[in-house]
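Chains as they are written, first to last, in this note's numbering: chain A, 1 to 489; chain B, 1 to 489; chain C, 1 to 489; chain D, 1 to 489.
Bear in mind the hints are in silico, worked out from the structure with no lab data behind them.
Don't be surprised by glycine CBs; every beta carbon is placed ideally from N, CA and C.
Careful: at least some of the hints might be erroneous.
Chain A residues, not near chain C, derived (Cβ > 10 Å throughout) [said to hold, decoys possible]:
#: 1; residue: HIS152
#: 2; residue: LEU153
#: 3; residue: GLU215
#: 4; residue: SER304
#: 5; residue: ALA339
#: 6; residue: ARG371
#: 7; residue: ASP405
#: 8; residue: ARG476
Anything over 10 Å on all C-beta distances counts as not near chain B; from chain D, calculated [what the hints assert, rightly or not]:
#: 9; residue: ARG32
#: 10; residue: PRO202
#: 11; residue: SER257
#: 12; residue: GLU259
#: 13; residue: GLU286
#: 14; residue: SER300
#: 15; residue: LEU305
#: 16; residue: PRO343
#: 17; residue: LYS393
#: 18; residue: GLN424
#: 19; residue: SER430
#: 20; residue: PRO443
#: 21; residue: ARG466
#: 22; residue: MET477
#: 23; residue: ARG480
Short derived list, chain D residues pointing at chain C, Cβ under 10 Å [stated by the list, open to error]:
#: 24; residue: LEU101
#: 25; residue: GLY102
#: 26; residue: ASN106
#: 27; residue: ARG436
#: 28; residue: ILE485
Protein chains: 4
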Amino acid sequence: MSSLLRGGRLTRRRADVVNFISSSEADRRITRPTVLVNEAHVVALQKSRAIQSVAAKKILRALRHLEQSEPPTRGVEDVHVAIEEAVTRRTGTEVGGLLHLGKSRNDQVVTAVRITLRDGLLDLSDLLIGLELCLIRLAKRHQNTVFPGYTHLQPAQPISFGHYLIANCFSLIRDSERLTEAYSRINQSPMGAAAIAGTSVPLDRHLVAKLLGFEGLVEASLDAVGGRDFALEALAVLALTANDLSRISTDLIFYSSSEVGLVELPDEFASTSSIMPQKKNADPLELIRAKAAKVAGIFSSAVSLMHGLTSGYNLDYQEITPMLWESVDEVAACVRVLAALTPRLRIDALVASRAYLDFTAATELANLLVRMEHMPFRTAHQRVGALVRSAVKDGKTLRDLQRTDWQAVLGYRPSGRLMKLISQTLDLTSNIHSYRTYGSPSPRETKRLISHASARCRDLQRTNDRARRRVEESMRMLRRMSGTILSSS
Amino acid sequence: MSSLLRGGRLTRRRADVVNFISSSEADRRITRPTVLVNEAHVVALQKSRAIQSVAAKKILRALRHLEQSEPPTRGVEDVHVAIEEAVTRRTGTEVGGLLHLGKSRNDQVVTAVRITLRDGLLDLSDLLIGLELCLIRLAKRHQNTVFPGYTHLQPAQPISFGHYLIANCFSLIRDSERLTEAYSRINQSPMGAAAIAGTSVPLDRHLVAKLLGFEGLVEASLDAVGGRDFALEALAVLALTANDLSRISTDLIFYSSSEVGLVELPDEFASTSSIMPQKKNADPLELIRAKAAKVAGIFSSAVSLMHGLTSGYNLDYQEITPMLWESVDEVAACVRVLAALTPRLRIDALVASRAYLDFTAATELANLLVRMEHMPFRTAHQRVGALVRSAVKDGKTLRDLQRTDWQAVLGYRPSGRLMKLISQTLDLTSNIHSYRTYGSPSPRETKRLISHASARCRDLQRTNDRARRRVEESMRMLRRMSGTILSSS
Amino acid sequence: MSSLLRGGRLTRRRADVVNFISSSEADRRITRPTVLVNEAHVVALQKSRAIQSVAAKKILRALRHLEQSEPPTRGVEDVHVAIEEAVTRRTGTEVGGLLHLGKSRNDQVVTAVRITLRDGLLDLSDLLIGLELCLIRLAKRHQNTVFPGYTHLQPAQPISFGHYLIANCFSLIRDSERLTEAYSRINQSPMGAAAIAGTSVPLDRHLVAKLLGFEGLVEASLDAVGGRDFALEALAVLALTANDLSRISTDLIFYSSSEVGLVELPDEFASTSSIMPQKKNADPLELIRAKAAKVAGIFSSAVSLMHGLTSGYNLDYQEITPMLWESVDEVAACVRVLAALTPRLRIDALVASRAYLDFTAATELANLLVRMEHMPFRTAHQRVGALVRSAVKDGKTLRDLQRTDWQAVLGYRPSGRLMKLISQTLDLTSNIHSYRTYGSPSPRETKRLISHASARCRDLQRTNDRARRRVEESMRMLRRMSGTILSSS
Amino acid sequence: MSSLLRGGRLTRRRADVVNFISSSEADRRITRPTVLVNEAHVVALQKSRAIQSVAAKKILRALRHLEQSEPPTRGVEDVHVAIEEAVTRRTGTEVGGLLHLGKSRNDQVVTAVRITLRDGLLDLSDLLIGLELCLIRLAKRHQNTVFPGYTHLQPAQPISFGHYLIANCFSLIRDSERLTEAYSRINQSPMGAAAIAGTSVPLDRHLVAKLLGFEGLVEASLDAVGGRDFALEALAVLALTANDLSRISTDLIFYSSSEVGLVELPDEFASTSSIMPQKKNADPLELIRAKAAKVAGIFSSAVSLMHGLTSGYNLDYQEITPMLWESVDEVAACVRVLAALTPRLRIDALVASRAYLDFTAATELANLLVRMEHMPFRTAHQRVGALVRSAVKDGKTLRDLQRTDWQAVLGYRPSGRLMKLISQTLDLTSNIHSYRTYGSPSPRETKRLISHASARCRDLQRTNDRARRRVEESMRMLRRMSGTILSSS
């Protein structure tokens, strides 16, 4: 605890306790935002005549200096004290002693955390859209690439690799939406709430919010310093995003395993065993999967941390801050790796000719019997099922079956036309063209989905760009207004 | 496994295995929605001429019958099989065997889950707005009721009980917003995605979606049956909501504890000990707190469940369904209890006169010294701190201090005017009027916050009402279109 | 709240609140144990002359009656009240009013929960040993069955299926050990701790503990009613056990997937798709995997529930009780299914001949070069690695390579003896015999591991049997002592 | 990926990917243990003549050198590669290339993690016993200090502060037991399991285990490298321990809050607000509470990480390692702070005279009526309850009540003797002497509990000391055996 605060109520200090409660490690990330919060606060104090221009000028000069050279945080309880001490060292007690007027660490820390989180999520959001565009570009190349669609880890029906990619792209787009919505709730200013009750010091909270790039205020002062649902929401959205990244990774690990061999990872994204030279391990993908679990657990930590706390500020909140950075950083790293890896995937072009995938045509064979033979679907389903069973038993695939085999299950000799349609259905490349429903893996629909996804990405990117501009403009406004004070005589 | 499905590929069955994988218990809740999904599907099949009107008519009649009398689910694998079997029993195999054409349990189950979840969240959302309105009404009565604002479980500054209530109301309003946003992503139709690849059967997915009250489609078929992020999002939002309800409960448990005694619980919401007759235990509030932890853990279960799964449908998803109902129900029950309890709270009207709360005026005393004595805030803070320390040591409160005490810390004899302002500041009721910032606990600002919160609630309610009307209209449309088929000759 | 308790301090009641706080649903499981706790308590009260024999006799008779016919719990707050009311109805207020002397719901409920949990864990423990024995029996049959050992989901080195099974058996044995250790901490009696402070009523806590089959006491009364770490520990051990069951399930899902095809599931444990008749889905295994996530989340719920609570009894604990039953039941069901399924697995006997598994011999090839050619291991590793790379490039396996290929990487012409040893190493069946380390997958070591695991299982079973006998003997003692009172004149 | 491994199968590398998969940051902690593992491995290789003494000597010399000066890990994939590279640089490829013979990163990493975790848990265990002894010493001073026992955050019955402390001490002792049991399962050697299948290289696994201080082997090679239940168990035990520390912290935060004021925190463990000088915040205690939630979430991360993984080694495990260090360090820091803080607590000596605590005598008043007036307990309970209710209504405490008040509820005039016993019971100091049950808060029982807890702590400490000696002896043996090789000619 700094002598700034110790002077009054409490006297002694212990290095081990200061060290235990110190947040200075995790504060490094919020140092610059905290300096900016102080600048905006001082501008507002001066504007409302709560402090005089001369004092404001001196403080602002000291703060500008801090922007360049980080305040020394070693042995200091937190960044807030470090900044006030540094300012006071440069301006003297008379002036520096005014810096904390009308604010508190409670509102200042949550404001700096919101700014840092906002900026981190915006960067992540851009990265995520970048990954979505990667998947879209790759999907375009693979609209016609037959690929097995799996259910229960079993090949179920033929789809295209393009459909696989665009389907997963849509899940990421929903994550982007959630990020955007969370961003709006995060980007609200608590400044002016002071400790929990606002202050009698005249202070324009809207001005401070504007200077710091916020979209609005967390209005009620108790809510502004006491709430951490914005952090929980961010962690939840990050957990969901990580979960989706993990699913793609799990897919690719499975698809690239030697028995399945549908895709091959780029060498530079795989590693070999130190003892088993033939292995090509999907190391980065395994780590993405693992990190998703970590990020989910961090949400669990944070929500549990809030459990049992009363309204108002509690120091427990301090432990949430590093959780935010850890989650944001891990998810961003995962997105970056996936975005670098996916364009370099090699897909087996001959998937359609794999004999064992014949069985994935079974559903459409049943549909064919309904359409052509006017069989109830359930009956068709049973007939095709029986056929598959006998084929499997004989070690055959569906392509090996003869007209007599079909006759056996149909109870009559199938027409030549039917046999021709059957063999067409068994051709997986033509099979995927037969899907007629909206959003299906037919190449035509895949094309439509790609164009739809592209449009969504453009919208999301525009929203991001707008958010970024707002922040940049506020920064300029802060510079302008503090500049006016600094250059006043 | 039903004989419907067993006929083909697999033959034997075991009661214990069927029992283990059976979801019939949890399916009860989605039974009616599943029947409706079947009706909408049949209407669409008939519209696109995939099945004939006569067959459609028979099936619809059987389904209408099922709406009244639940299908027998005992010993049946799941509701989907139960419905198809029941229809087939009434219509014969030729007709009933068409019911499953162009769909799959994979799309059907997720559609029914989305409908049920959507309806549950809409009900919850109404309840939550109801609770917010309760808090608003109570806040109106307590705009001037002085109450200690706590930080670190210590009285920190005077606020009003009205401010406490409205601050917590705003956190619930954000939960309502999240519910609304989640609702939109949930209320999208997967029907037509079939197993994972859509189908060659002609089927108007948009029509089915409309008949079931959906706002749109989950377009990509693999995404439609394979994704469960809608469920994870719902569970996350429920966990956040429960966390906020839990905080209010924790507050009230603390405020009503005998030492604190700020509020008194209504008798009918407390219970006494079986052995300690003097106790008045906040049982329902403790349970709300506990249930919040449970709901958070359910999210943790669900996100962990999805970890390591590949794209496409996996039976693991089946375990998520009961988690949804459990979370929705628990949160709804908690909201209901809080909404019944809060209006009956009794607040100690004489809080302002509690001597030990004098100290909560310290911050404003420091601000007063800054304003009147032109002292740097940090100096003022230290002076007041020293005063508090010596008062505590002497067993006094701030009101007990004399002009000489002030002289001792100021270093000069304070003016009569200052002494008068000091004693005004020490009057907590007048103290809360001194807060000047936007969103502070001053009665004027509390009034503004109340009116703002009311407006937000009205908006949220309007959105809910619109959502409900959409669902009702779709229901009428489904009735109309199936009615047309039923009455055709 | 029952009129038993309402008479004094509080008066009004509300059906919705009673319903919300009622635990009667979850209490059903602890009803019989609670009756027994009451019996043991009454015996002890009579022994210490706190109540007279005549009263004890009447109460015991009423309790015996309750053992047969469950007390009516509908509309009652909890089982404790229901029992006291039922006894009082049969014995009159004068006598029944003595039942609660010297005890409290606080100690009674946690005692009944401990008894029920203890019994549930003992049953589970037996089931788990049963599964371990299944794996052991199956391992005996497969000591020589070559099977790929995977790392990173890639075949890495040849092992035997027997080794796979026994390795997983050992992880389950550790779970059994943890269950046993948790059992001892759970099986301690809180009775006599009353509300939190014990009682002035003379009462032999050791006698009550003995009559209820406990190994000892939770001594400190505050600890006895306030602690729930026994429950958290049980949930943690269950989560770990479920995690191990889930890994076996995940393995089998992967091994039985069509591309991998190492094992085939018994038909009666698989299901087929409603629309894709060729599929054979590992439904029960997918559910085991999902349930493991659920059980892990339940631990998360419970530990979060305890977070922020103070010492002493809180009603929050009530929510932990159903979590215990849910976890125990889910894990027991999973164990049962696995124990039924594993003996029916069919293993591909021809694994050793799969060409692509040649590469798994690479490590031993490198070891061979070290041994025979005195090459540093790292060099040998690189040489073999290069060989694999060129073979993969040419679409060959290691068996296809000629002496000239080896010459190319060795830099000299390999001897005939070396070539012979190489081909021996490439024969996977002989390869697994070459492992020399303790615990390796060589058939000889597998046999030893099997015998070691069997011995561990026998030990565990003996411990279980002892525990069961202790419980049964205590039951007889309770019968005897209460019988003596009942037959007294 | 190091060129050590790249030479063979894979060629290209990317800095960003290497960086992403690098564990070098988290490896720092296992660097020294990994060097030791290499030393023990080399000793065993030489013993079994798998490598020659000359080579062994050179390698051991290089490893000894590494013990002093950490291997450079910057830009290196992991510590294993760094060590091998460093050795190879000093010894040349011919000799250094032998280091990895018969081992793999898979067994090496898990061995080093087990060693580091074992050592960390042993240190933690000592710290925890230290805290228990603190509580015991403090409890001795407070065997007679009356303190309210709380249930539902309401004072329920009088206990002593000594009982409070010893009750919580017992919960920590159970944590110590769990740590000890987990330690035994952790302290088992995986070395010799190599990648997953052991090796054909002759290697005495028992010797390696002994040289590294392990109690035994993880026998089955697949289990040895593939299992991480030892890590999950450690994390679970840490979560439980943290939960208990958190409860003590939560208690102290509540007890020291200004309204409750039962204990006062030492100044050096509290901090004041930056704006509210009268506050004395329990910062370190709030952080302990928060860290407990974090540690619980880490378990959740880890168990979720394992979910869905197949048997064998997966790189996902790498993410568990830093979770272990984080949990161990956080819990150790919390224990240290609590052990420093608790002896400095000041307890309000006059608690017994607080008027509002009169009501906590109610239960014993009811027991008194049973004993003296032969009233059924339930009736006594109701009578006392009614009395409390009327007293509360009149703003009185029980001490204020007159003989006539008692007459009103009893229905007859109480005897002088009864009135005397009533007033004795209302004296809380004499009240706590009246508890007669084993483990109750009577001073006599508290003394017994203290002596019991002390004995348990001594046992635990002895077990720890034994464990520590085993590790130290093994270290000496390793030194001796490697020394023999180093000094051989």
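Hint check:
With a least CB separation of 4 Å from chain C, HIS152/A falls inside the 10 Å interface cut-off, contrary to its annotation. Under the 10 Å C-beta cut-off, the non-interface status given to LEU153/A relative to chain C is violated; the minimum distance is some 5 Å. No Cβ of chain C approaches the Cβ of GLU215/A within 10 Å, the least distance being about 32 Å, so the stated non-interface status holds. With a cut of 10 Å on Cβ distances, SER304/A falls inside the contact zone with chain C, its closest approach being about 4 Å.
No Cβ of chain C comes within 10 Å of the Cβ of ALA339/A; the nearest lies about 22 Å off, and the non-interface call holds. Here ARG371/A stays apart from chain C, with its beta-carbon at least about 15 Å from theirs, past the 10 Å limit. At roughly 15 Å from the closest C-beta of chain C, the C-beta of ASP405/A stays outside 10 Å, upholding its exclusion from the interface. At roughly 44 Å from the closest C-beta of chain C, the C-beta of ARG476/A stays outside 10 Å, upholding its exclusion from the interface.
Taking the minimum C-beta to C-beta distance to chain B, about 33 Å, the non-interface status of ARG32/D holds against the 10 Å cut. The claim that PRO202/D lies off the interface holds: its Cβ sits roughly 38 Å from the closest Cβ of chain B, which is beyond the 10 Å cut-off. Chain B draws SER257/D into its interface by the beta-carbon criterion, the shortest separation being 5 Å against a cut-off of 10 Å. With 10 Å as the threshold on Cβ separation, the claim that GLU259/D sits away from chain B is violated: the shortest Cβ distance comes to roughly 5 Å.
With a cut of 10 Å on Cβ distances, GLU286/D falls inside the contact zone with chain B, its closest approach being about 7 Å. Remark: the non-interface label on SER300/D conflicts with the geometry, its nearest Cβ contact in chain B lying 6 Å away (cut-off 10 Å). Not every Cβ of chain B is farther than 10 Å from the Cβ of LEU305/D; the closest lies at roughly 8 Å, contradicting the non-interface assignment. Non-interface status of PRO343/D relative to chain B is upheld: no Cβ of that chain comes within 10 Å, the nearest being about 22 Å off.
Non-interface call for LYS393/D relative to chain B: holds, since the shortest CB-CB distance, roughly 12 Å, exceeds 10 Å. No beta-carbon of chain B comes within 10 Å of the beta-carbon of GLN424/D; the shortest separation is about 18 Å. SER430/D, annotated as away from the interface, keeps every beta carbon of chain B farther than 10 Å; the closest lies near 19 Å. Against the 10 Å criterion, PRO443/D stays outside the reach of chain B, whose nearest CB is about 22 Å from its own CB.
The Cβ of ARG466/D sits about 38 Å from the closest Cβ of chain B, beyond the 10 Å cut-off, so the non-interface label holds. Every C-beta of chain B lies more than 10 Å from that of MET477/D, the closest at about 42 Å, which supports listing it as non-interface. The Cβ of ARG480/D sits about 46 Å from the closest Cβ of chain B, beyond the 10 Å cut-off, so the non-interface label holds. Taking 10 Å as the C-beta cut-off, the interface hint given for LEU101/D holds, the closest approach to chain C being about 4 Å.
With 10 Å as the threshold, the beta carbon of GLY102/D comes within range of chain C, its nearest partner Cβ sitting at about 8 Å, so the hint holds. Taken as an interface hint, ASN106/D checks out: its beta carbon lies about 7 Å from the nearest beta carbon of chain C, inside 10 Å. Because the closest C-beta pair between ARG436/D and chain C is about 5 Å apart, less than 10 Å, the hint holds. Interface hint at ILE485/D: violated, since its Cβ lies 18 Å from the closest Cβ of chain C, which is beyond the 10 Å cut-off.
In this structure, the earlier hints numbered 1, 2, 4, 11, 12, 13, 14, 15 and 28 are contradicted, and the remaining ones agree with it.
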